[in-house]
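J.: Chains as they are written, first to last, in numbering that gives the first Met the number 0: chain A, 0 to 311; chain B, 0 to 395.
Mixed in with the good hints, there may be bad ones.
[What the hints assert, rightly or not] Listed below are the simulated DSS-like cross-link pairs for lysine-lysine, each with C-alpha atoms no more than 30 Å apart in a straight line:
1. Lys270(A) x Lys164(A)
2. Lys72(A) x Lys196(B)
3. Lys270(A) x Lys65(B)
4. Lys270(A) x Lys196(B)
None of these hints come from the bench; they were simulated from the model.
Here are the chains, one letter per residue:
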Amino acid sequence: MRKALPLIIAGLLAVLPLLGLSSYWMHILILVIMWSVIGMAWNLLGGYCGQVSFGHAAFFGVGAYTAGILYNKAHLSAWWGMPLSIVFVTIVALIIGYICLRLRGPFFALGTLAIGVILRVTAENLTGITEGDLGIMLQERTWIDKTWYFYIVLALAVVTFIAVKMIIESKLGYYFVAIREDQDAAESLGINTTLYKTVALSLSAVFTGLAGAFYMNYMGYIDPKIVFALHDISIVTIMVVMVGGVATYWGPFVGAIIMVFLAEIIRTIPKLGAAHHTFFGILLIVIIIFLPNGIVGDLPKLKKLLRIGKAA
Amino acid sequence: MKRLTLIILIAFALSLSASTLFAAETFDLVIPLPLTGKQAKFGEMMKRSYEIAAEEINAKGGIKKKKLNLSFEDSGAKPETARAIVEKLIDTKKQPLIVGEYTSSCAKAVAAVAEERKTPYLVVASADDDITRQDYKYVFRQNAVNAHYADGLVSFIKNVAKPKTMAILYESSAFGNSGADAMEKDAQKIGVKVVLKEKYEAGSVDFKPLLSKVKAARPDVIYMVSYVMDASLLMKQIKELRVDAKLFAGGAAGFAIPEFIDNAKDAAEYVVTASLWCFKMKLPGAKEYAEKYKKLYGDYPSYHGASAYSALYVVKDALERAKSWTPDGIRDALKATNISTAFAAIKFENKEGYQNQNFMDTIVMQVVNGEHECVYPDNVANQKYVFPIPTWRERR
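Model the full structure from these sequences, guided by the hints.
T.: If you want it as structure tokens, here you go:
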């Protein structure tokens, strides 16, 4: 059962578009899956390797802009951005890693936070390449129907899931966890911590960048304030993982459901109006207080709670 | 596990049933707006204005005897959310037309969806030039494009101020960029030399380094494109540094709303700004709407509100003329729109590379005795402009 679970869920998701869902629900589903990709990518670095990044918008944005600039300047399909973003995002990740991975703990977090903002300002000012604040707009999106977007992002999610699982269950994964638990001890055991932290960062960045390139194709419009957003991208990424479960395979998926699906449902409750942020914020606080390891991380605890509820 | 799935199912069912409640005698119109976040100020003003218009329309018997039933959804100025709202309106609620949004990035996201789904979309206050330059057939815009926002002001500068040099300061945003670029071109056209063109991060607190540069360049005109807080802060610090110029000019948005005067106080005096509308201008209906708004909310609205207020009249007019209340029927009716509203005369044209764009005359407002007055062009002005303006030293 446990082994088959990923297959079952992927299968269930794959048949969803056949149910004839409205394009509104498809949009929400696509966003959920896109966010779980970003969450899984962040988890690789933040969850397993213990390097908390507040700047994942940097990679998301570089991925999105790779696709956007290819379309805008080279007049290629923005879909080429997906394979090409791997190259550009890796380069950016190596540069960022070279600078930021010398820092530890909160200093690394602050460093990445700054990098995210720096890239936003850079994109705003390199008007010759990025069109600056005017952003890049696709004249026409590839499909009106959402089915293909859904399958593309689902495929991306499946690949990310398998990659994360394979990495974590390999020797590399053990190195990551060793670095997270105690960097000095890992170093003394002969693990080249700087190298493996860079590897974790690059892998994490690549998947985030792919999601960014997908976003460009799917939404059809980007500008620096959208794709390099501190709050709407970097922080939401962290929340997806924190709420779902740090260093778990399913955490990002569950977190994405809550951060996108539940947020949307709460937003559309009639008459709640502008208070929906407050309401959703309280919900997040409750989750974090009672389930500090996230919903998946604290699943046994959650099960116990629900059983007590049934008995009473 | 069972319990959990049950809860999820219930939540799902609730959210679906909430959207299918439907009454036959009303026409439901859901408007996406930014009601939270940085742009909430403008969203709020527009929401109130839509409500005033809906009330008036319903008091006079509604649209073809159907009561107009408004509701709003908060997009938080996020394009994904704006898109989600519009997808839902088109799919689940079968709303035959879309009205609303404020920021240009959201309007772009909505416009793309509207065009793909062949549902007419009326843009109310998003200024970015590109929105109506995409060969869209279902996207209509009733406010002027950013490139023309300052037309009235440019003519004022050319005919009244007659400066030799100009400095342009603008915030880092789509609105700021296109506004500054348009002004640079216009300045060259009328023979004014742009000595300085500087961008700043929106939301800055210290403009002094920037203003020192301006002071050193000694421009005749300082033209600024900013939102609320930056606009008043810029003028305050200009006053503190005693940067003198023949004319302080703003490019609508932050300079054209009452909060600018509230925040900048006497530093706002004599500042002129481009604007699309002013309740004091000679335009039937403008004054009545503004007074009604003031009575309800204690402050006068700016052009954003007026545009929203008039948008519902444009919708009413189109719906009354439409052969059928289907997206295509309404689109054809919108295309043939030719009415005057409290905001401007509205007619959707294809010219200068824009499609379905309303071209309107823009005006110049000046702050005189702590109030925005409409001073230019003369045919709509309610008062003569003050020019030349006193230097900071001459003011008390």
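J.: For the pair supplied as a hint, Lys270(A) and Lys196(B), is the alpha-carbon distance within the 30 Å limit?
T.: It is violated: about 46 Å lies between the C-alpha atoms, which goes past 30 Å.
J.: For the pair supplied as a hint, Lys270(A) and Lys164(A), confirm whether the alpha-carbon distance does not exceed 30 Å.
T.: Measuring from Cα to Cα gives roughly 43 Å; hence the hint is violated.
J.: Measure nothing beyond the straight line between the CA atoms of Lys72(A) and Lys196(B); if it is 30 Å or shorter, mark the hint as holding.
T.: The hint holds at about 26 Å.
J.: Could you grab the alpha-carbon distance between Lys270(A) and Lys65(B) and see if it respects the 30 Å cut-off?
T.: 23 Å, holds
Going down the numbered hints, you'll see the structure goes against 1 and 4, while the others check out.
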